[in-house]
Amino acid sequence: MKHIMMKTTATAALCLAAGGALAQEVTLTIESWRAEDQAIWDDTLIPAFEESHPDINLEFTPTAPTEYNAALNARLEGGTAGDLITCRSFDGSLPLFQRGQLADISDLEGLSNFPDFAKAAWSTDDGESTFCVPMASVIHGFIYNADAFDELGLEEPQTVEEFFAVLDAIKADGTYIPLAMGSADQWEAATMAYTNIGPNYWKGEEGRQALIEGEAKFTDEEFVAPYEQMARWSDYMGSAYQAQSYSDSQNLFTLGRAAIYPAGSWEITGFSDQAFFEMGAFPPPVPAEGDTCYISDHTDIGIGMNADTDHPEAARTFLEWVASAEFAALYTNALPGFFSLSNAEFEVENPLAQEFISFREECESTVRVASQILSRGEPNTWNTMWVNSANVLNDTMTPQEAAADLQQGLESWYEPQQD
Amino acid sequence: MSTVDTTRARRGRMGRLGAAAGVHAVLLAYTIIAIFPVLIVVLNSFKNRRGIFTEPLALPRTETFSVEGYATVLTEGNFLLYYSNSLIVTVVSLFLILLFGAMAAHALSEYRFKLNALLGVYLILGIMVPIRLGTVAILQLMVDLSLVNTLISLILVYTAQGLPIAVFILTEFMRTLSRDIKDCARVDGLSEYRIFFEVVLPLVRPVLATVAVFSMIPIWNDLWFPLILASSDATKTVTLGVQQFIGQYTVNWSAVLASLSIAILPVLVLYAIFSRQLISGITAGAVKG
Amino acid sequence: MTEIVEQAIGRSRTARRRRKTGGITHIAVFLAPTVLIYSIFSIYPLIESLRLSLFDGQPDGSAVWIGLGNYATLLFDANWAVRFWNALWNNLILFFIHMIVQNPLGLLLAALLSLAPRFGGTYRTLIFVPTLLSVVIVGFVWELILSPLWGVAEGMMSAVGLGWLYAPWLGLEDSALTAVSLISVWQYVGIPMMLIYAALLSIPDELLDAARVDGLSGFAIFWKIKLPLILPTLGIVAILTYIGNFTSAFDLIYSIQGVLGPPDYSTDIMGTLMFRTFFGQQTQIGDIHMGATVASMMFFIILIGVTIYLLGVQRRLTRYEM
Numbered sequence: 001m002k003h004i005m006m007k008t009t010a011t012a013a014l015c016l017a018a019g020g021a022l023a024q025e026v027t028l029t030i031e032s033w034r035a036e037d038q039a040i041w042d043d044t045l046i047p048a049f050e051e052s053h054p055d056i057n058l059e060f061t062p063t064a065p066t067e068y069n070a071a072l073n074a075r076l077e078g079g080t081a082g083d084l085i086t087c088r089s090f091d092g093s094l095p096l097f098q099r100g101q102l103a104d105i106s107d108l109e110g111l112s113n114f115p116d117f118a119k120a121a122w123s124t125d126d127g128e129s130t131f132c133v134p135m136a137s138v139i140h141g142f143i144y145n146a147d148a149f150d151e152l153g154l155e156e157p158q159t160v161e162e163f164f165a166v167l168d169a170i171k172a173d174g175t176y177i178p179l180a181m182g183s184a185d186q187w188e189a190a191t192m193a194y195t196n197i198g199p200n201y202w203k204g205e206e207g208r209q210a211l212i213e214g215e216a217k218f219t220d221e222e223f224v225a226p227y228e229q230m231a232r233w234s235d236y237m238g239s240a241y242q243a244q245s246y247s248d249s250q251n252l253f254t255l256g257r258a259a260i261y262p263a264g265s266w267e268i269t270g271f272s273d274q275a276f277f278e279m280g281a282f283p284p285p286v287p288a289e290g291d292t293c294y295i296s297d298h299t300d301i302g303i304g305m306n307a308d309t310d311h312p313e314a315a316r317t318f319l320e321w322v323a324s325a326e327f328a329a330l331y332t333n334a335l336p337g338f339f340s341l342s343n344a345e346f347e348v349e350n351p352l353a354q355e356f357i358s359f360r361e362e363c364e365s366t367v368r369v370a371s372q373i374l375s376r377g378e379p380n381t382w383n384t385m386w387v388n389s390a391n392v393l394n395d396t397m398t399p400q401e402a403a404a405d406l407q408q409g410l411e412s413w414y415e416p417q418q419d
Numbered sequence: 001m002s003t004v005d006t007t008r009a010r011r012g013r014m015g016r017l018g019a020a021a022g023v024h025a026v027l028l029a030y031t032i033i034a035i036f037p038v039l040i041v042v043l044n045s046f047k048n049r050r051g052i053f054t055e056p057l058a059l060p061r062t063e064t065f066s067v068e069g070y071a072t073v074l075t076e077g078n079f080l081l082y083y084s085n086s087l088i089v090t091v092v093s094l095f096l097i098l099l100f101g102a103m104a105a106h107a108l109s110e111y112r113f114k115l116n117a118l119l120g121v122y123l124i125l126g127i128m129v130p131i132r133l134g135t136v137a138i139l140q141l142m143v144d145l146s147l148v149n150t151l152i153s154l155i156l157v158y159t160a161q162g163l164p165i166a167v168f169i170l171t172e173f174m175r176t177l178s179r180d181i182k183d184c185a186r187v188d189g190l191s192e193y194r195i196f197f198e199v200v201l202p203l204v205r206p207v208l209a210t211v212a213v214f215s216m217i218p219i220w221n222d223l224w225f226p227l228i229l230a231s232s233d234a235t236k237t238v239t240l241g242v243q244q245f246i247g248q249y250t251v252n253w254s255a256v257l258a259s260l261s262i263a264i265l266p267v268l269v270l271y272a273i274f275s276r277q278l279i280s281g282i283t284a285g286a287v288k289g
Numbered sequence: 001m002t003e004i005v006e007q008a009i010g011r012s013r014t015a016r017r018r019r020k021t022g023g024i025t026h027i028a029v030f031l032a033p034t035v036l037i038y039s040i041f042s043i044y045p046l047i048e049s050l051r052l053s054l055f056d057g058q059p060d061g062s063a064v065w066i067g068l069g070n071y072a073t074l075l076f077d078a079n080w081a082v083r084f085w086n087a088l089w090n091n092l093i094l095f096f097i098h099m100i101v102q103n104p105l106g107l108l109l110a111a112l113l114s115l116a117p118r119f120g121g122t123y124r125t126l127i128f129v130p131t132l133l134s135v136v137i138v139g140f141v142w143e144l145i146l147s148p149l150w151g152v153a154e155g156m157m158s159a160v161g162l163g164w165l166y167a168p169w170l171g172l173e174d175s176a177l178t179a180v181s182l183i184s185v186w187q188y189v190g191i192p193m194m195l196i197y198a199a200l201l202s203i204p205d206e207l208l209d210a211a212r213v214d215g216l217s218g219f220a221i222f223w224k225i226k227l228p229l230i231l232p233t234l235g236i237v238a239i240l241t242y243i244g245n246f247t248s249a250f251d252l253i254y255s256i257q258g259v260l261g262p263p264d265y266s267t268d269i270m271g272t273l274m275f276r277t278f279f280g281q282q283t284q285i286g287d288i289h290m291g292a293t294v295a296s297m298m299f300f301i302i303l304i305g306v307t308i309y310l311l312g313v314q315r316r317l318t319r320y321e322m
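Top line first, the protein sequences correspond to chains H, U and S.
Going by the UniProt record's numbering, the first residue of the first sequence is number 1, and it counts up by one from there.
Going by the UniProt record's numbering, the first residue of the second sequence is number 1, and it counts up by one from there.
Going by the UniProt record's numbering, the first residue of the third sequence is number 1, and it counts up by one from there.
For the record, the hints were derived by calculation from the structure and aren't laboratory data.
Note that CB positions come from ideal geometry on N, CA and C, so glycine has one too.
Please note that the accuracy of each hint is not assured.
[Said to hold, decoys possible] The following residues of chain S were derived to be distant from chain U, with all beta-carbon distances above 12 Å:
| no. | residue |
| --- | --- |
| 1 | 66 |
| 2 | 75 |
| 3 | 88 |
| 4 | 96 |
| 5 | 97 |
| 6 | 138 |
| 7 | 161 |
| 8 | 167 |
| 9 | 178 |
| 10 | 214 |
| 11 | 216 |
| 12 | 264 |
[Said to hold, decoys possible] Derived coverage of chain U by chain H (criterion: at least 3 residues anywhere in the stretch with Cβ under 8 Å from a Cβ of chain H; other residues may be distant):
| no. | region |
| --- | --- |
| 13 | 107 to 120 |
| 14 | 232 to 243 |
If we strip away everything but chain H, and leave its shape as in the complex, we get:
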């Protein structure tokens, strides 16, 4: 015992002596829910960072998305969480900051590389403090099997009616399942259906802000209409779609058995590897010709610093790098479909990703309607949106019931909605 103590003291002394001249190597661990990205971090991002920062080692240690919140929470409570924490947007991370678990990084220089709307996803409501560096947003829309479209002589639909005409044509032909979508996992029904097509009805940010300010209700026409469209979808989904899981839908589409996939841009990487046919993408069709189109361009992923980290300086160095143009280009191209939010100019190489990013020029961007402020109470509006959206697809709830239930839940705790 004594021996060990002496040895430690000796090492400590050595370190102290050398400390001035030789910076100590530190290892930072990164918490993330993106298990799929392991290879990209290990092979591309980490080597690039370590090359310019030889004294900082990085370790990417993801947890499966379903367990991420639980595991991260437990680790934060227990003080064992990684130095760097991948942040979900808006209310997914704000409480962590309020509890003092995420550090305030408002003074990080690199943050000036981002537009305000991007920073808003990881800032306090008053915009005073920012706690995560924006990494990327994901854009929603529809990916389709271009070979199948050619074969059947179909074109990208612009309006809802054209969309259903296309679906009818595919259904009539019978070779393909028109829509690769299931309701088993519920979240797709909310993210890839309701908040994908919804912004066209509630006019993106306008409708979202109106809800937050209490001027609109979920029972208003513009919030019920997307559910009415979804209720029509079920005729075009695979038989037994009620038990079709997320990965079932992915397989159905990439194996060439379905023609249209209601998508998030994060699918691009996997689909590019798996599918053996040409793919294209179109934004959610608008209700009437000439309408402005709105897309769900959701600020999805950011990265912040554990307030308890032993190496705050190194962690900040890394965050500065994440905010740099170098990271923006590396990340977006390593993960086509996760679009950097940086102002920096960068080229997107993947053609499908280019199509998605081009939606930004034609359409107005907004984020998922329940992600900010509206999911702060119990019942959690985003959870209810999962459940009710799946119910509408399953035909067990009418669009009106789904909307009324959302509104009732929100009213029960959200003051601006209570008068």
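With the hints as your guide, set chains U and S onto chain H.
Below, chains U and S without anything else, positioned relative to chain H:
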């Protein structure tokens, strides 16, 4: 012998044969139900993606045969390490559960002392409560003890989790052991410790095997505590490794099925080791409670 | 030499003394490891959970004592109560299905095995295999088999002319809970089977021989002699089922259906409710205090069930056995 007698005998034999056939039919049918899903996994793990989807029930043929799944698992996952982690955790926890559990059960069944009944109830509480409810406190404890991301943390939790049922089963059984042998040993001057190790332990060996099997399953298969207490790559267990592997390769079913097959194998081997003792163990007294 | 002898004498003297005074040291030594490990890593964390349920979390991470306030919220706040009662009800259905399917099936298999058919050992081992599998595997496999996309279940049913019966059970509100329960039965039937089998084997042969001499048929022997004798074991099986229903059922539902118990909360049980309340998910931030409240309610519900069993059922069973 009269004709009536022979007919009756024949009918009896036929009946017995029929009954035996019925017994086999039911058992065989259920065995197939039990085994079929496992077979499907193993079978399809030897196919390529197209083969898995187009003919899920067919045997791998030349066009569909593929070990690409296994190749991915072996190159991408660090499964050998995960195996050894799982093995260490399972075997050490089992050893501690059996040793400590038997010691405690011996104390409770052999000696009369004031707190005996109370302690018995105290220990049984643990059977009723999922230890997972205390996760946050456990994690904080492990942090204070600097045991996070060590296999020791898992071993401690699993031992704590497994002890109540072990003590419960072993106590019930030890109560049925005859006092004479032990008293004989005492007259011979054996210490209480030697009585336990040399007389009692050998007698309860079959029951220990039973306890081992029932305790082994939740330890080997646990996902939760490895995730919270020891998720670093060096301490990952097979179950956690497989689970994350699935997360990483959602659409690569060959790889997923291969990793599942790989995870099934060792439990079967461990089970085979204990199962010969299992039935004699259960019969010996586990259910007398 | 003398030293050793003296030591030996000393030892035997202490031994004698210990026996006289009832000797407490060795009892303590035997009990210490178990009591220590169990108290520190099992009981203390649970008490901590109970304590947490009496506080209310503040946005800054601190906590305020509110007594039973969280329990009142859980039971009487409309938004919480609907989830709580739904989960509890689902748990009871789950328990009911296990009682009418798993345990009778376990009894049947055990009874057949106890007739000592050929290959009995092989049947027994193979039927026990699912019990050994991790829920990660079980969940994945059954989702595949029942998946409309892969079509194993549908294909097999069509092959025997029952294709029209197929439905996406896991995705339908009316059948999801039953489907999950049956998967759980598939996985765990080995346990009641083994326990009952062992109990059947431990019935003394003389008893059965006597019955046979009295001319009882095999069936009558089973009903009139074996079944009453193994009733205590069936009682244990029932209570283990009840407890497992609150503890291990979570793992399976979690891995097949996820944490919201879809569709429309039809497979939401106390375990999933506790999990997402405690640890949160996506935009729902975990609330350790409400989570601990749900956890504590689970504990009380289990305790009530076990008490009913111990006071009511078991006492009557034991008397019957006498």
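Checked hints:
For residue 66/S, the non-interface assignment is confirmed: its Cβ lies about 19 Å from the closest Cβ of chain U, beyond the 12 Å cut-off. Taking the minimum C-beta to C-beta distance to chain U, about 19 Å, the non-interface status of residue 75/S holds against the 12 Å cut. Taking the minimum C-beta to C-beta distance to chain U, about 16 Å, the non-interface status of residue 88/S holds against the 12 Å cut. No Cβ of chain U approaches the Cβ of residue 96/S within 12 Å, the least distance being about 20 Å, so the stated non-interface status holds.
No Cβ of chain U comes within 12 Å of the Cβ of residue 97/S; the nearest lies about 17 Å off, and the non-interface call holds. With a least beta-carbon separation of about 8 Å from chain U, residue 138/S fails to lie farther than 12 Å from that chain, contradicting its non-interface assignment. Separation of residue 161/S from chain U is adequate, the least Cβ-Cβ distance of about 17 Å exceeding the 12 Å criterion. Interface exclusion of residue 167/S from chain U stands, the closest Cβ pair being 19 Å apart, more than 12 Å.
With a cut of 12 Å on Cβ distances, residue 178/S stays outside the contact zone with chain U, its closest approach being about 17 Å. In this structure residue 214/S is separated from chain U by more than 12 Å, as the shortest Cβ-Cβ distance comes to about 18 Å. Residue-level check passed: residue 216/S sits 15 Å from the nearest beta carbon of chain U, beyond 12 Å. At roughly 25 Å from the closest C-beta of chain U, the C-beta of residue 264/S stays outside 12 Å, upholding its exclusion from the interface.
For the region 107 to 120 of chain U, the assignment as covered by chain H is violated, since 0 residues bring a beta-carbon within under 8 Å of that chain's beta-carbons and 3 are needed. Counting residues of the region 232 to 243 of chain U whose beta carbon lies closer than 8 Å to any beta carbon of chain H gives 3, which meets the minimum of three for the stated coverage.
Checked against the numbered hints given earlier, this structure breaks hints 6, 13; the rest are met.
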